[in-house]
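Colleague: Construct the complete structure from the given sequences, taking the supplied hints into account.
So the sequence lines, in the order shown, correspond to chains A and B. The working numbering puts the first residue of the first sequence at 1357, with every later residue one more than the last. The working numbering puts the first residue of the second sequence at 1357, with every later residue one more than the last.
Among the hints, erroneous ones may be present.
As the list makes no split between identical chains, a pair holds if one copy fits it or if it spans any two.
[Stated by the list, open to error] SDA-like mimics (lysine to any residue), calculated; alpha carbons at most 25 Å apart, straight line:
no.: 1; residue 1: K1457; residue 2: V1698
no.: 2; residue 1: K1383; residue 2: L1488
no.: 3; residue 1: K1383; residue 2: R1508
no.: 4; residue 1: K1457; residue 2: G1712
In case anyone wonders, no lab produced these hints; they're calculated from the structure.
There are 2 protein chains.
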Amino acid sequence: MSVDDAEALPERTRRRRTPKPHAAGVKAVAAAAGVSLGTVSNVLNRPEVVSPLTRAKVEAAMASLGFVRNESARQLRAGSSRILAYVMLDAGNPFFTDVAKGVEEAAQAAGLSVFLCTSSEDADREAAYLDLLEQQRVQGILITPIDQNSSRLRKLPSRGTPVVVVDRALDDASHCSVAVNDILGGELAISHLLELGHERIAYVGGPNTIGQVIDRRDGARRALRTAGKPTADLIELTTGALTVAEGRGAGQRLAGLPADRRPTAAFCANDLLALGLLQQCVSLGLRVPEDLAIVGYDDIEFAEAAAVPLTSVRQPRQLLGRTAAELLLDESSNPDHEHQRVTFTPELVVRTSTRGTL
Amino acid sequence: MSVDDAEALPERTRRRRTPKPHAAGVKAVAAAAGVSLGTVSNVLNRPEVVSPLTRAKVEAAMASLGFVRNESARQLRAGSSRILAYVMLDAGNPFFTDVAKGVEEAAQAAGLSVFLCTSSEDADREAAYLDLLEQQRVQGILITPIDQNSSRLRKLPSRGTPVVVVDRALDDASHCSVAVNDILGGELAISHLLELGHERIAYVGGPNTIGQVIDRRDGARRALRTAGKPTADLIELTTGALTVAEGRGAGQRLAGLPADRRPTAAFCANDLLALGLLQQCVSLGLRVPEDLAIVGYDDIEFAEAAAVPLTSVRQPRQLLGRTAAELLLDESSNPDHEHQRVTFTPELVVRTSTRGTL
DNA sequence: GCACTCTCTTGAAACCTTTCATCCAAACTC
DNA sequence: GAGTTTGGATGAAAGGTTTCAAGAGAGTGC
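Modeller: Put into C-alpha cells, the structure is as follows:
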C-alpha cells in the first residue's frame, strides 16, 4: 500500500519561496468548497453560526484535502495557546511522573494539553526550555526549578507567562507555589531514627544546589537540635544527583567505613537514593535494618516493593500536581487572581527498613 | 518586592483588538535601536552579517525592552519548528522514560528540543496529542502507539509530519520503526522457565490491544510449541493495564487458586506487573521462587532492587530512543531517506526470582 | 575623479489564520 | 408593499517574523 507515493517528490526543482510543500490551507478549502475564507474559519471556530448545508460542504472539502489547521498562524492571530508545560527535574523519578499525572488530570479537565520537559537537574537545559516555552507563548509554566533564584524564572511572569513553582516554596511574590513542608519531612525522618535509639546518623543527598536537598537536611538538623544533640552529629554524604546509581555509590562509601565509625542509620534525600543505597549495602553484606536503618523520601510506588520495604516520607504527589495546575489556570483566567503559597504536610510511613521485622 | 505591580492591569478597559498586552516585538526593538526590521531579524538569525556596532545597539534594545521572539510567527514564516515530540504509553513506566532519555540525547546533539506527551494507554488521548502535534507542525513525532493501525497515524507522514514508531515493528511502509524482537523476548522467558522444569505457566498481561502484550504472549506460545507442549497450557491472566496496581490484582487472583491448580511460574508482560505481582504474592505468603517463579520484561532499574531480585528480559532502552531520534532526524533532513525497520535483540537476565538463592 | 567592489542595511512581500463590520436576501410586520 | 429584522456569508485587515532583491556608503585601483 504505497499511500505516500502520490505525495512524494511532487516536484524536484522546488519553487523559490516555498519552504515546505505542506498541507492545504483555509484558502484552498474555501476554494474547493466554493465559499469564502471567513466561512471556513467559522466552521472551524463557531460551527453553530454556519448553516448545516454549507458546513457539510466545507467539512467535505477539508476531509478530501487533508486540511490540518496551522496552529502557529492561529496562535499568532489569536494570541493564546492551549498548551501548558511542566518542566520537571527528572523524568526517571516516579515522584515527578506522578506529579505530572496530577497536572495532566487538571489540564484535561480544562481542555488544555500538557507538554513535559526534563531539565535532568541541568541548569542549562532548564534555561533552554524556559526560553523555548516563553517563545512558544505557552499558556503557563509549571516548574520544579533547580535554582529558584534564577533571574530567568523571575522575569517570566512580568512578561506575561504565568509560572507556578511545584515542590518548592518560593520567597518571591511573583509566582504561586505548591510545596510540601520539606523541613518538617526531614524532622519526621530523623525524630523517628532518634526514637529508635540511633546515634550515628548519615544524611545522603546532593547536589547542594537543589532546594529539596537543603530543606530536608535542615529539617534533619533541627530534629537533632530539638533532641539536644549537636547538628554536627549528622554525617553528610553528598551525592552528585538524586539517582539510584548515586545511591549505590553512597552505599559503597558507607560500607567501606569501619564498623565502629559507620553510621547505624541513613536518611536519604529521596527514594531513588535510598533504593540504590539499600541495594548496594545488602549486596556488600550489611543487614538492613540491623546494621543500617534506612529512611527514604517521597514514598514512590517502588519503595514498598523493595528488597527491604522502605520507610519513607510520603508526599501527596498527584494532589501536588493537580493543585499547581489549578492555580495556574486560575492565574491565566481570573483577573482577580492573587498569588498563593500552598503547603502540604508530609507523613512518615514506617516499614521494615527501620523497624525490623517486628 | 512587588515587581509585577508595574505590569498589572495596565488598562482596565482593554482596547478592542488587543488580545494580550504581551511583549515588545521586532518592530519595537528596531525603533528603539534606530534600525530597520530586517536588521533586527539579521541579529537574531545571521548575527555574522551585521556590524558589531549595530549588533550591540540592537542587543541592548532587546535586553532593555525584554524582547522575546514570537515563535509562532517565526514558525509561520519559516515553515519549520525546532521541536520534536515523543508520545509515550506511560510516563510512570521507567522503561519509557529511559527511552525518552535516549531521544533527548540525540535531539540535543542536533540542537532540537523534545516535548514529551503521555497517552496513558488511552486511544483518545493519543489521538488528541497527534492532532495537536500535527497542528503545531512539529518537526517529527516519535511514538509508541497503542494501536499501530490507527489511520491517523498512517496519514501523518503523507501530510508532511515524519513519524517513527518506537518499540513496535510496523507492517506499514510509511514509517521507520525501531523495535526489540518481542516474540523472541517471550520465547527467552518461557524457555528459561521450561528448562527449570515448570509445567503450569501463567502469562500476565493486557489489555490485548497493546502490541507488545500480544507479541510477548505469542513468543511464549511459540516456546511452548517448540518444546512440544500445547499452547493451551499457557494460563492467561489478562490485566487492564501494565501497572504495578494491576500486577497486584493479578497476584490476588493467582494466590486465590488452590495450590494444585495454581501455576508454578508467571511471565509478566512488563516489570511493573511483575513487581506488583511479586509484592502481592509475598504479602499473601507465597514464596518466590519456590511457590511461584516470576519473570518480568524490560529490566528496569527497580527490577534488580526488588524484594526478590527479578529475572527479566532486558531491552536496550536508551539505544532504542537514540536510534529512533536519529532515524527521524535523517528523515527530515536527508532527501534520499529510506524507511528502515531496525530490530534489536533482547537478552534474558536471570536473578533470584526464578533461580532461587543459588 | 571615475568605475567598481564590498559590506551593511533596508523595506516590502509573504506565511496562514481569525476577526469584525458590512452586506445580502429572504422572511416578517403592519 | 414599504420598512424592519434576521440568519448567513463575505472580504479586508491584522498579527510578528523571515526573506530577498535592491540600495546606500565606504573603500580600492588606476
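Colleague: Is the C-alpha distance from K1383 to L1488 at most 25 Å within one copy, between copies, in both cases, or in neither?
Modeller: Answer is between: at 21 Å across copies they meet the 25 Å cutoff, but 30 Å inside does not.
Colleague: Within a copy, between copies, both or neither: which one fits K1457 and V1698 at a CA-CA cutoff of 25 Å?
Modeller: within (19 Å within a copy, 32 Å between copies)
Colleague: For K1457 vs G1712, is the C-alpha pair at or below 25 Å within one copy, between two copies, both, or neither?
Modeller: The answer is neither: 33 Å in one copy and 37 Å across copies each exceed 25 Å.
Colleague: Checking an output row: K1383 and R1508, CA cutoff 25 Å. Within, between, both or neither?
Modeller: This pair counts as between: shortest inter-copy Cα distance 23 Å, intra-copy 40 Å.
Checked against the numbered hints above, the structure violates only hint 4.
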